[in-house]
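J.: These are the residues of each chain, in order.
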Amino acid sequence: MSTPRFTNTECLVLKQSPIGEADRVLTLLTDTHGKLRAVARGIRRPKSRMAGSLEPLMYSRLMLARGRAMPVVAGVETIRSFSKLRTSLEATARALICAELADAFSPEEQANPSVLALLLEALEWFDAGEGDRVLRYFEFQLLQRSGYMPELQHCVTCRTAVVPDQHAFSPALGGVVCLACVGAGMPGAPAGRGEAPVLALSVNGLKVLRYFHGHTYGEVRSLQLKPPLARELESLLGSYILYLLERKQKAPAFLEALRRTGTA
Amino acid sequence: MTSFPHADRLPAAEPVVDLIEELGKLPGIGPKTAQRLTYHLVRMPASEARALAEAIVAVKELVGFCSACWNVTDRDPCAICASPNRDRSLVCVVEDPLDVMAVERTQAYRGLYHVLHGVISPINGVGPDELRIKELLERLGSDSNSTALADAVRELILATNPTLEGEATAIYLQRLVAPLGVRVTRLARGLATGGELEYADDLTLTRAFEGRQEFT
Chain A
139 MSTPRFTNTE CLVLKQSPIG EADRVLTLLT DTHGKLRAVA RGIRRPKSRM
189 AGSLEPLMYS RLMLARGRAM PVVAGVETIR SFSKLRTSLE ATARALICAE
239 LADAFSPEEQ ANPSVLALLL EALEWFDAGE GDRVLRYFEF QLLQRSGYMP
289 ELQHCVTCRT AVVPDQHAFS PALGGVVCLA CVGAGMPGAP AGRGEAPVLA
339 LSVNGLKVLR YFHGHTYGEV RSLQLKPPLA RELESLLGSY ILYLLERKQK
389 APAFLEALRR TGTA
Chain B
31 MTSFPHADRL PAAEPVVDLI EELGKLPGIG PKTAQRLTYH LVRMPASEAR
81 ALAEAIVAVK ELVGFCSACW NVTDRDPCAI CASPNRDRSL VCVVEDPLDV
131 MAVERTQAYR GLYHVLHGVI SPINGVGPDE LRIKELLERL GSDSNSTALA
181 DAVRELILAT NPTLEGEATA IYLQRLVAPL GVRVTRLARG LATGGELEYA
231 DDLTLTRAFE GRQEFT
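For the record, the sequence lines run as chains A and B. Residue numbering for the first sequence follows this note's numbering, starting at 139 and increasing by one per position. Residue numbering for the second sequence follows this note's numbering, starting at 31 and increasing by one per position.
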């Protein structure tokens, strides 16, 4: 079946990069076509009618025309601009972290509307003033919706139910490990992955991760995450994501810089 | 220069192939454009081709960055920073040397500049350390401490682009500079001349309303 000449889709602009004299290549997360790249011709010119609707983190309705190498944006209409988010440096930094993760976990042209819905929800919460807790919830939910849900009920090596306070977390094995298995050198682990480092996981950390699973952010936001617990979750989820993606994400460095310089 | 072991199988003379390859390395120049440019140069008078080659070499040998404003220049400080006719109480912060050219074309601004050479873009790994922000703070610090009142910077105009990254950079700079007692302003944003209201996006219209002024 031939590709239709025009396609309408709703999408979030994840990022953009300039090409040629006045064009941009956009990376879009769409509801119907997954992640795809499209060219927006002439949007770097001051009088471009499309430029404002194609900024990063804009949720827009696009008409895409079939192009030679990639689709061309033929028309656009803004659905949601998240204007308050853009006036906050921290909210922008967090939103871009989520956009980069969504980009990394979304294969090209494989529809996964739940990831787009998750990203839109995260941007709404950042627009409303919510902070790092949204980031952790987003990371967990993204892992779950991308097929990398960590095992939180049973030890990933011996499959016994986890005993409170007798567990660690293995990014390589994708879940909790009982301390008995850690002490025994992780018998039963797939070859090569048993030697990978395990991370400490507190009882409260495990409880929060379990709560993230199956609850909306509206329910999660009532959780009290004291700084040590927040740091533990950030480190654990970050390590798991790093293991899966095999590369460090770029966007978090700016949020860390803001915290370091005290401008956050 | 590329060496080809099988020169008899080349599609064109070796210098032509070399030039196409070199031109193709430039941004926005694909293989077809590189070929067109190369054959244009082949047909061009030798004197013009030599002038082009000399201009390219001169740019690399004679051009550097102004130690005050980081604009591209062939002398240090640059002509703008060295000029006694510029208003030294104003510093306009831009992303790129091309932005300096754009503002100078208007002839409406008579202050100084500071070129960041980029914009904060977390998703591309560009943070404050990759830009000339430290140099801007040093400049403001030294200028505001100057005993010559005429040399003190009184206003910092943030002229980064009205993009997500440009706005983030402007907010970041405002936070850093505000404690120094320097007035921080931002270029007006809103509708472009020649634009039409019905085609303006929500953000542009919102900013246009926020920035409205007395009409006399």
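No wet-lab data here; the hints were simulated from the structure. Certain hints may be false.
[As the list claims (entries may be wrong)] Short derived list, chain A residues pointing at chain B, Cβ under 8 Å: (1) G158; (2) A160; (3) K185; (4) L195; (5) Y197; (6) A242; (7) P245; (8) E247.
For glycine and all other residues, C-beta sits at the position ideal for the given N, C-alpha and C.
J.: Run through the hints listed earlier and report the numbers of any the structure violates, in increasing order.
T.: 2, 5, 6, 7, 8
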